[in-house]
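S.K.: Chains as they are written, first to last, in the working numbering: chain Y, 1 to 315; chain L, 1 to 249.
It is worth saying that the hints were derived from the structure and are not from the lab.
Where a beta carbon is used, it is the ideal one built from N, C-alpha and C, also for glycine.
Check each hint, because a few of them may be wrong.
As the list claims (entries may be wrong) - Part of the chain L face toward chain Y, derived, beta carbon under 10 Å:
no., residue
1, H10
2, G13
3, G49
4, R72
5, R80
6, F82
7, N86
8, N96
9, L101
10, N106
11, A116
12, I155
13, E159
As the list claims (entries may be wrong) - Restraint-style ranges between C-beta atoms, simulated for each label pair:
no., chain 1, residue 1, chain 2, residue 2, range
14, L, R57, Y, A165, 55 to 63 Å
15, L, R90, Y, L99, 28 to 36 Å
16, Y, S30, L, I114, 33 to 41 Å
17, Y, S312, L, G12, 36 to 44 Å
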Amino acid sequence: MESVRVMPRPVAAVCAVVVLALLVVPLLDSRYLIDLFTEIMIYALFALSLNVLIGYSGNVSFGHAAYFAIGGYTCAILLTTYEWGFAPAFAAAVIASALAAGLVAWFCVRLTDIYFAMLTLAFAMVVWGVAFKWRSVTGGDDGFVGVSVPAMLDSRIGFYYFTLAATGLSAAVLWLICHSAFGRCLVAVRENRIRAGFVGINTRLMRWWAFVVAGTFAGVAGAIFGMFHRGMYIESAFWTESATVLIMTLLGGIYSFFGPAIGAATLFVLERLTNEYTEYWPIVLGMILVGILLFLPDGLAGLARKLASYRSRGG
Amino acid sequence: MLRTVDLFKHFGGFVAIDGVDFELEEGEKHAIIGPNGAGKTTFFHLITGHLRPDRGRIEYEGRELTGLPPHRIVKAGLARSFQRVNVYPRMSVFENVQVALMARDNRHLTMFRIGARFNRDETLELLALVGLAEEAGEQAGELAYGKQKQLELAIAVAERPRVLLLDEPTAGMSPSETEEAIRLIQEIADARNLTLLFTEHDMTVVFGIADRITVLHNGGVIASGAPDAVRGDPQVRSVYLGEGGDGAA
Ligand SMILES: Nc1ncnc2c1ncn2[C@@H]1O[C@H](COP(=O)(O)OP(=O)(O)OP(=O)(O)O)[C@@H](O)[C@H]1O
Ligand SMILES: [Mg+2]
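Modelling step: build the complete structure from the supplied sequences, incorporating the hints.
M.R.: This is the structure we're talking about:
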């Protein structure tokens with residue numbers, strides 16, 4: 001029978017532990033760890049946002065970095081060049097990402113599968129091109145540096161807690177959206193688009209909204225990212241960045257809400273560690289990707305689920 | 001209540017539906033029969049917006065349906081099931097029906113409320129009606145074929161249509177499942193005042209349910225009328241029911 005409990009108890013328990021652990025990280029008094037976890041939370045939100053599109057609506061995007069970059073650049077430029085206050089700049093950045101996603105999605109939802117994915121890539125390359133060429137505003141390939149961050153976010157620990165609050169709240173909203181009637185119907189669209197149309201669901205509109213939600217929260221992640229690094233660089237809009245967040249999502253598992261956050265944390269830490277020993281991160285990344293595709297089709301979350309059911313069966 | 005005028009559809013050089021004029025009266029149980037490849041499924045696809053006609057019109061209650069997308073046609077009151085099972089394989093049986101109910105109530109764009117509890121009782125009622133109460137928690141893709149057919153029916157009925165189109169609702173079922181399905185379809189049609197349009201190869205099903213029959217052959221209508229009249233029609237007997245064979249017996 002379908003359970004009335006919306007979040008299974010073990011998942012809720014793990015969430016609580018993770019939030020508590022994140023709350024106490026600054027007490028360890030390690031700059032390295034505080035920065036590491038700040039960035040992990042940003043990428044975790046980025047991956048969670050992408051999964052609304054991939055896992056829930058069943059549409060793969062090769063250009064998700066575009067909305068991350070739009071959020072990041074908009075926030076950074078408004079704060080610095082135009083000296084806006086934090087709240088309006090942050091809000092405008094998120095709105096800019098949402099609008100850009102809405103515009104691109106309007107075209108993309110007319111297509112499916114690989115054609116959809118290629119069109120997301122094409123639009124992302126346009127965004128990268130704008131960031132690259134519009135030097136007077138974005139700084140071009142020198143990057144947009146020296147972002148003025150509001151005083152209250154100036155301390156490392158202050159920024160850490162801001163990131164925790166913003167990404168935590170965003171994840172909670174995403175969770176609600178994915179577990180709403182919308183989220184459930186979106187899964188139906190993923191599972192069988194034609195059948196979903198025949199129960200009265202406008203499947204294009206559903207996919208459009210999924211795209212907008214994904215782009216909006218990528219914008220949140222990007223805005224935080226730009227402030228954290230005190231700068232935005234065109235690499236953040238490049239297709240390799242879209243590939244990275246896609247791999248994070250796949251590694252964590254697209255059929256699980258929290259999977260992509262796990263994938264983001266894992267990949268980010270692996271990249272840090274690898275870079276300390278070799279310069280061959282792309283090779284390692286390639287091997288990880290091969291591993292996922294061959295052995296972990298449902299990602300780390302799928303693996304965890306399998307292990308849990310194996311244990312509960314007393315195996 | 002539903003009317004097609006000079007409906008025409010071709011695939012490449014092959015004419016699948018060839019100028020069909022058809023009328024469905026409110027409250028009737030209308031069967032469309034015809035040999036394999038006659039165009040029955042294509043005709044359903046045209047009416048429900050899955051395919052666009054190359055020529056001709058579809059009207060429902062005086063309203064033009066031609067060219068509308070499926071979701072608009074469903075909202076107008078026409079629901080359908082599919083010849084080949086067409087469910088959401090990796091969702092639970094419960095969710096398969098619940099999604100249809102959510103969509104009927106226009107909740108599919110409701111984002112900021114937990115969805116699991118929406119339409120819960122009605123979902124369970126519908127599952128009990130089609131005999132799937134026990135299987136509510138199972139994955140739809142793992143049900144036995146006959147049960148998937150029943151689920152398909154529950155999904156179509158969930159939309160609370162006025163016209164229900166069933167494409168071979170008993171295909172692939174065992175004789176006992178077929179009997180149960182016939183009883184169920186009639187019960188639902190009567191209880192909900194549905195107008196029924198269905199295709200079927202099994203003549204026991206056709207003559208057991210239909211009060212009017214239209215015969216399709218090579219994309220065209222060759223006969224239409226009461227079951228007895230159609231059964232006696234010489235042209236129908238030669239192309240469809242087979243020489244001398246009495247398909248209804
Ligand atoms: N998408 C398509 N492309 C090309 N030909 C098609 C297509 N769909 C159907 N046809 C052809 O149109 C004809 C009518 O097909 P249809 O499925 O409507 O027949 P049917 O009466 O439902 O047959 P059955 O009793 O086997 O279900 C068949 O010859 C079929 O091969
Ligand atoms: Mg057919």
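S.K.: Could one say that the CB atoms of R90 (chain L) and L99 (chain Y) fall in the range 28 to 36 Å?
M.R.: holds, 33 Å
S.K.: Return the status of the interface hint for H10 (chain L): holds when the least beta-carbon distance to chain Y is below 10 Å, violated otherwise.
M.R.: violated, 22 Å
S.K.: Does 36 to 44 Å hold as the CB distance between S312 (chain Y) and G12 (chain L), or does it fail?
M.R.: Since the Cβ atoms of S312 (chain Y) and G12 (chain L) sit about 55 Å apart, the hinted range of 36 to 44 Å is violated.
S.K.: Does the nearest C-beta of chain Y fall within a distance shorter than 10 Å of the C-beta of G49 (chain L)?
M.R.: holds, 8 Å
S.K.: Hint check: is the beta carbon of E159 (chain L) less than 10 Å from a beta carbon of chain Y?
M.R.: Where the cut-off is 10 Å and the nearest Cβ of chain Y is about 6 Å from E159 (chain L), the hint holds.
S.K.: Report holds or violated for the interface hint on G13 (chain L), using the least CB-CB distance to chain Y and a cut-off of 10 Å.
M.R.: Hint violated; G13 (chain L) Cβ to chain Y Cβ min 26 Å, cut 10 Å.
S.K.: Between R57 (chain L) and A165 (chain Y), does the beta-carbon spacing fit 55 to 63 Å?
M.R.: holds, 58 Å
S.K.: Under the criterion of a CB-CB separation shorter than 10 Å, is N86 (chain L) in contact with chain Y as hinted?
M.R.: holds, 5 Å
S.K.: Return the status of the interface hint for L101 (chain L): holds when the least beta-carbon distance to chain Y is below 10 Å, violated otherwise.
M.R.: At about 9 Å, which falls below the 10 Å cut-off, the nearest Cβ of chain Y leaves the hint on L101 (chain L) intact, so it holds.
S.K.: Holds or violated: N96 (chain L) as interface residue toward chain Y, Cβ cutoff 10 Å?
M.R.: With Cβ-Cβ at 8 Å, under 10 Å, it holds.
S.K.: A closest beta-carbon separation below 10 Å is what the hint needs, so does I155 (chain L) meet it against chain Y?
M.R.: Cβ of I155 (chain L) sits 6 Å from chain Y, so the hint holds.
S.K.: Would the stated hint for R72 (chain L) survive a check requiring a Cβ distance to chain Y of less than 10 Å?
M.R.: OK, holds: R72 (chain L) within 10 Å of chain Y, min 8 Å.
Hint compliance for this structure: hints 1, 2, 17 are not met, and every other hint is.
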